[in-house]
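Asker: So the chains spell out like this:
Protein chains: 2
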Amino acid sequence: MRWSKSYLFTLREAPADAEIPSHILMVRAGLIRKVAAGIYTYGPLALKALRKFEQIVREELNVRGCQELLMPMVQPKELWDETGRWTEMGEGLQKFKNRNGHEFCLGATHEEVITDFVRKDVKSYRDLPFNLYQIQTKYRDEIRPRFGLMRGREFLMKDAYSFDLDQEGAERSYQLMREAYQAIFTRLGARFVVVAADSGNIGGNRSEEFHILADSGEDQLLVSEDGLFAANVEVCPALLKEENRAASIDQASAQGGAPEELATPGLKTIADLAKSTGLAPEQLVKTLFFMTEAQEPICVLLRGCDEANPVKIKNALGLANPPRLLLDQEVKDLTGAWPGSCGPVGLKIPIYMDQAVERMDNYMVGANRDGFHLKGVSHRRGHFKVTQVGDLRLAQEGDPNPQGQGKLKAYRGIEVGHIFYLGSKYSQAMEAQFLGEDGQLKPIEMGCYGIGVGRSIQAVIEQNHDKDGIIWPPSVAPFHVHVCMLDPEDSQVQQWVDTLEKELFAKGHEVFVDDRAERPGVKFKDADLLGFPLRVNLGARGLGQSEVEIVERKSKEIVKVSPENLVETLLKKLGESQ
Amino acid sequence: MRWSKSYLFTLREAPADAEIPSHILMVRAGLIRKVAAGIYTYGPLALKALRKFEQIVREELNVRGCQELLMPMVQPKELWDETGRWTEMGEGLQKFKNRNGHEFCLGATHEEVITDFVRKDVKSYRDLPFNLYQIQTKYRDEIRPRFGLMRGREFLMKDAYSFDLDQEGAERSYQLMREAYQAIFTRLGARFVVVAADSGNIGGNRSEEFHILADSGEDQLLVSEDGLFAANVEVCPALLKEENRAASIDQASAQGGAPEELATPGLKTIADLAKSTGLAPEQLVKTLFFMTEAQEPICVLLRGCDEANPVKIKNALGLANPPRLLLDQEVKDLTGAWPGSCGPVGLKIPIYMDQAVERMDNYMVGANRDGFHLKGVSHRRGHFKVTQVGDLRLAQEGDPNPQGQGKLKAYRGIEVGHIFYLGSKYSQAMEAQFLGEDGQLKPIEMGCYGIGVGRSIQAVIEQNHDKDGIIWPPSVAPFHVHVCMLDPEDSQVQQWVDTLEKELFAKGHEVFVDDRAERPGVKFKDADLLGFPLRVNLGARGLGQSEVEIVERKSKEIVKVSPENLVETLLKKLGESQ
Chain A
1 MRWSKSYLFT
11 LREAPADAEI
21 PSHILMVRAG
31 LIRKVAAGIY
41 TYGPLALKAL
51 RKFEQIVREE
61 LNVRGCQELL
71 MPMVQPKELW
81 DETGRWTEMG
91 EGLQKFKNRN
101 GHEFCLGATH
111 EEVITDFVRK
121 DVKSYRDLPF
131 NLYQIQTKYR
141 DEIRPRFGLM
151 RGREFLMKDA
161 YSFDLDQEGA
171 ERSYQLMREA
181 YQAIFTRLGA
191 RFVVVAADSG
201 NIGGNRSEEF
211 HILADSGEDQ
221 LLVSEDGLFA
231 ANVEVCPALL
241 KEENRAASID
251 QASAQGGAPE
261 ELATPGLKTI
271 ADLAKSTGLA
281 PEQLVKTLFF
291 MTEAQEPICV
301 LLRGCDEANP
311 VKIKNALGLA
321 NPPRLLLDQE
331 VKDLTGAWPG
341 SCGPVGLKIP
351 IYMDQAVERM
361 DNYMVGANRD
371 GFHLKGVSHR
381 RGHFKVTQVG
391 DLRLAQEGDP
401 NPQGQGKLKA
411 YRGIEVGHIF
421 YLGSKYSQAM
431 EAQFLGEDGQ
441 LKPIEMGCYG
451 IGVGRSIQAV
461 IEQNHDKDGI
471 IWPPSVAPFH
481 VHVCMLDPED
491 SQVQQWVDTL
501 EKELFAKGHE
511 VFVDDRAERP
521 GVKFKDADLL
531 GFPLRVNLGA
541 RGLGQSEVEI
551 VERKSKEIVK
561 VSPENLVETL
571 LKKLGESQ
Chain B
1 MRWSKSYLFT
11 LREAPADAEI
21 PSHILMVRAG
31 LIRKVAAGIY
41 TYGPLALKAL
51 RKFEQIVREE
61 LNVRGCQELL
71 MPMVQPKELW
81 DETGRWTEMG
91 EGLQKFKNRN
101 GHEFCLGATH
111 EEVITDFVRK
121 DVKSYRDLPF
131 NLYQIQTKYR
141 DEIRPRFGLM
151 RGREFLMKDA
161 YSFDLDQEGA
171 ERSYQLMREA
181 YQAIFTRLGA
191 RFVVVAADSG
201 NIGGNRSEEF
211 HILADSGEDQ
221 LLVSEDGLFA
231 ANVEVCPALL
241 KEENRAASID
251 QASAQGGAPE
261 ELATPGLKTI
271 ADLAKSTGLA
281 PEQLVKTLFF
291 MTEAQEPICV
301 LLRGCDEANP
311 VKIKNALGLA
321 NPPRLLLDQE
331 VKDLTGAWPG
341 SCGPVGLKIP
351 IYMDQAVERM
361 DNYMVGANRD
371 GFHLKGVSHR
381 RGHFKVTQVG
391 DLRLAQEGDP
401 NPQGQGKLKA
411 YRGIEVGHIF
421 YLGSKYSQAM
431 EAQFLGEDGQ
441 LKPIEMGCYG
451 IGVGRSIQAV
461 IEQNHDKDGI
471 IWPPSVAPFH
481 VHVCMLDPED
491 SQVQQWVDTL
501 EKELFAKGHE
511 VFVDDRAERP
521 GVKFKDADLL
531 GFPLRVNLGA
541 RGLGQSEVEI
551 VERKSKEIVK
561 VSPENLVETL
571 LKKLGESQ
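Protein chains in written order, with this note's numbering: chain A, 1 to 578; chain B, 1 to 578.
Take these hints with a grain of salt, some might be off.
[What the hints assert, rightly or not] Subject to a maximum C-alpha distance of 30 Å in a straight line, what follows is the list of computed DSS-like cross-link-like pairs (lysine-lysine):
1) A:LYS425 to A:LYS52
2) B:LYS268 to B:LYS332
3) B:LYS385 to B:LYS241
4) B:LYS34 to A:LYS97
5) A:LYS34 to B:LYS502
6) A:LYS502 to A:LYS572
7) B:LYS5 to B:LYS467
8) B:LYS95 to B:LYS34
9) A:LYS332 to A:LYS52
10) A:LYS120 to B:LYS52
11) A:LYS5 to B:LYS442
12) B:LYS77 to B:LYS425
13) B:LYS123 to A:LYS5
14) A:LYS525 to A:LYS507
15) A:LYS34 to B:LYS97
16) A:LYS77 to B:LYS97
17) A:LYS97 to A:LYS425
18) A:LYS409 to A:LYS332
19) A:LYS502 to A:LYS556
20) A:LYS573 to A:LYS525
21) B:LYS560 to B:LYS502
22) A:LYS442 to B:LYS268
23) A:LYS123 to A:LYS52
24) B:LYS407 to B:LYS241
25) B:LYS138 to A:LYS123
26) B:LYS241 to A:LYS120
27) B:LYS554 to A:LYS5
28) B:LYS120 to A:LYS467
29) B:LYS34 to A:LYS442
30) B:LYS407 to B:LYS48
31) B:LYS52 to A:LYS138
32) B:LYS5 to A:LYS425
33) B:LYS52 to B:LYS138
34) B:LYS138 to A:LYS77
35) B:LYS5 to A:LYS120
36) A:LYS48 to B:LYS120
37) B:LYS525 to A:LYS123
38) A:LYS48 to B:LYS268
For the record, the hints were derived by calculation from the structure and aren't laboratory data.
One chain only, chain A, in its complex shape:
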């Protein structure tokens, strides 16, 4: 492909809304252009990379017996009503009415549509098992789309759905897809981890996420030192550190009388209180307020050193979505005091307590009166009633490994894949049943499995770039070789480039030729920005000296070869890099 025949416009400047390197580079390299917030056009180069990744996905799924189909993006409300997700999915599900007043949504996921598809055909146990997938455009009305394709509204996704006779079969299907995903991200050439995860409003009993590691990743992951345990912080069990276990027990053994009100003017934060009382944050208790989707306020008690984990709270309460923190005014209306002076004593709402607080006694909490705290408070002595105790806080780096020895280490990751064991959540709600060998009607056991196709491409760029541009992994590089044609009008140069292009193409390698009338410096800069694995600098002077430069994009290593050895050397290097 010649640049002069391509639709390709690189930019010197990053767009104002691009915050992370991959987003900046994708726009500068002409890969994507914004149409509206979270909505992009993929340019020809981006599409080539996407298609290569799609092909990897297809091959790894097909070889495992999965079959590709294509479901619609527009879906009728009726199907979503059957599972209750029309309401449960909230405003992220983009809904609309057509001219006849019928209600539809844009597919944010396809469990309802695939279950409907399957229940129309499947009758007997003989029809199972199978796994169906599609690569298709999805839409979610993200509140705050950002980071380019990382958190877009419209996005390309591969979604697969497995259908099995029983739990055992479903577990096999789940493991097979887990293997497929490991093969896919390995072939992509990405550094990734698999972590235990929350099932969100997809549902089901078990799920794992695949994360490409990158500093700008939106998710925090905790991995044990031996690498055998890994979890998204959302679901990572939080264990007490050795030293705190002792401290808590000391605290718990302290005796105490009735709570005593204490004027604490101006002391609103845990830091203020710690400073004023001389206690460590882990010896203090903080009181937070959340609202559930049923509009019921709840109170959550944590140690002063901990952060609430809304996903754990959601799961402890059996909610569909994580609860939201109350606004200051809502707290004031509820407790009579502004945040900073609130506590659990005297509240009429459910109180949830993190398990690290359960061990404590004789602590200080807000008095629900501005500028006052209570001291000597204890749930053990009935000063307030605890609805439920549980693991409600965020685990942190340095916390003990919940499944072995050693401590947890923190990473940041970009979620590119998610696999779910669903059980019969959808098949029961939608009556997708089969007649078993025993003559009984049974719901199909399901699993679902997603890969963010566009997000994966951006994530490998986020993981593989330097200050000059993208460093494409060969697996999805739009082109393998970038020829900077230094004297595009020179007939000898033209001849060598033509030959190079043909010979490499015959071996399955795609060559991009910068044949523009630009200075070498401009061409080199653009080559670094575009980031194809190998660059060839081919000009009249070099040919005169029987010398051509090959530059490796990743290492920036330069090798000089004679024109006669060029193709051979390139093929060797391309072989090595794959």
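With chain A held as given, fit chain B onto it using these hints.
Answerer: This is chain B only, laid out in the frame that chain A set:
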């Protein structure tokens, strides 16, 4: 591929809403399943056919220098406001608001988005020309979706857009795409015609449609006997037949006085009037009423034998969309009489006259009084004022060829492609300009080019089927060979099938094996329904007699060969059929 490992469920019964053979067969063969009116899931076999056709489209476009990209399905209102089409497209454009109150639509076409994409990058004449295309899902809120993928709401389309320096360049791009389309539909293996067409609300100066010929086609096409002229009836010029030219002149020469009211109780249709007066329908005048999109009623006069052509009326009046016929009550309110007793005399609204009426004199029209007509009426003698005379009627089979000798012959077609020369309609409205070699800012000259991908697949089925099922053209057949494994448990049969599958696959031919535990009759019926080009009946008895049957799906011709010659014979037949 083995049936036992496939997701494939054939149906004996046609669904109730399937009216035409291709729709019935696609559902029966498990190719598509309805999700909602006009919205379908494509099963694995359908997707294989679609992908094969997409590949043909890609190859023919890429070889002509077109470049593939991917634009979003969700588009912001702001872009459509720039061209005025947010309003002009009417209710077919599916609009919605997101959670922030921003307005969007689902892409029914992408002129606005591509023009926006291009205007951000293109600066100079050096950046032109180029042609960008995508294969993508579109959505139109069809009032009455029907015929499966023929008139769906959600559909797969290839849309290409050319950008040129000037009219001459744009004309070359248009011709190149015309050639590409001819190559594409030829490779598809369809019988098709290219006809002059209306530009609808896409706009521009010139357009042609590609139609796959089929009796159930929604469009009527008129083609000259010599094949050199072809047009959609919507735009086909209507010429008077030889005999009517004479008749009209006779009529025109008749003398007459003032109009005279005549009681015509119960005479409401042209047929009634013809019977009662003894005049032929072509000697009578009928009065129709339409409403424009600006809510202005108009009157249209035609001969009794002719039908109004709303597209010609739209173009004569310079409207964006064809006007709609008034309801009976609207006619009554407007004229004082019910349809059947209405006429142009005394009306205060614009009156448009078909050119066949212009030649007439002394004719009969409704009196705008129920049960009465006027006779001896003539526009030539000022009985009413004609706003405009033009070609406003539908041409018919047997009409003279407007561009040569002979008569027109009628065909029915399914529109599968449409090419438009747009000029600068979009580039002017959206300021997509470039700096010319002469230093002047100029709007880019554009063209746009669509192919209905899903509709093309259904159209070839509509064109290629018999009472037993589909007859796939080899170009897009999901599989090339269908093996009916008659004794799937027999190890010799299994061995021969395995070998057959491998050897054909090595030559690039895909084999589908019916390995179900079903009776031969069931398998043969399903093979005919699925319609892959060649069927092989392979069973233990045949092998015992050293005999395997090959059945050609199209001709139903049976050839018996020895198992040793099977692969060779199949390869020869497959070579022939491509």
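Asker: Does each hint hold? Answer for all of them.
Answerer: Structure-based check of each hint:
no., hint, result
1, A:LYS425 to A:LYS52, "violated (34 Å)"
2, B:LYS268 to B:LYS332, "holds (14 Å)"
3, B:LYS385 to B:LYS241, "holds (27 Å)"
4, B:LYS34 to A:LYS97, "holds (19 Å)"
5, A:LYS34 to B:LYS502, "violated (47 Å)"
6, A:LYS502 to A:LYS572, "holds (17 Å)"
7, B:LYS5 to B:LYS467, "holds (28 Å)"
8, B:LYS95 to B:LYS34, "holds (23 Å)"
9, A:LYS332 to A:LYS52, "violated (55 Å)"
10, A:LYS120 to B:LYS52, "holds (27 Å)"
11, A:LYS5 to B:LYS442, "holds (21 Å)"
12, B:LYS77 to B:LYS425, "holds (18 Å)"
13, B:LYS123 to A:LYS5, "holds (16 Å)"
14, A:LYS525 to A:LYS507, "holds (28 Å)"
15, A:LYS34 to B:LYS97, "holds (19 Å)"
16, A:LYS77 to B:LYS97, "holds (17 Å)"
17, A:LYS97 to A:LYS425, "holds (28 Å)"
18, A:LYS409 to A:LYS332, "violated (39 Å)"
19, A:LYS502 to A:LYS556, "holds (25 Å)"
20, A:LYS573 to A:LYS525, "holds (22 Å)"
21, B:LYS560 to B:LYS502, "holds (21 Å)"
22, A:LYS442 to B:LYS268, "violated (64 Å)"
23, A:LYS123 to A:LYS52, "violated (37 Å)"
24, B:LYS407 to B:LYS241, "holds (9 Å)"
25, B:LYS138 to A:LYS123, "violated (33 Å)"
26, B:LYS241 to A:LYS120, "violated (56 Å)"
27, B:LYS554 to A:LYS5, "violated (44 Å)"
28, B:LYS120 to A:LYS467, "holds (25 Å)"
29, B:LYS34 to A:LYS442, "holds (25 Å)"
30, B:LYS407 to B:LYS48, "violated (42 Å)"
31, B:LYS52 to A:LYS138, "holds (24 Å)"
32, B:LYS5 to A:LYS425, "holds (25 Å)"
33, B:LYS52 to B:LYS138, "holds (19 Å)"
34, B:LYS138 to A:LYS77, "holds (20 Å)"
35, B:LYS5 to A:LYS120, "holds (18 Å)"
36, A:LYS48 to B:LYS120, "holds (21 Å)"
37, B:LYS525 to A:LYS123, "holds (21 Å)"
38, A:LYS48 to B:LYS268, "violated (65 Å)"
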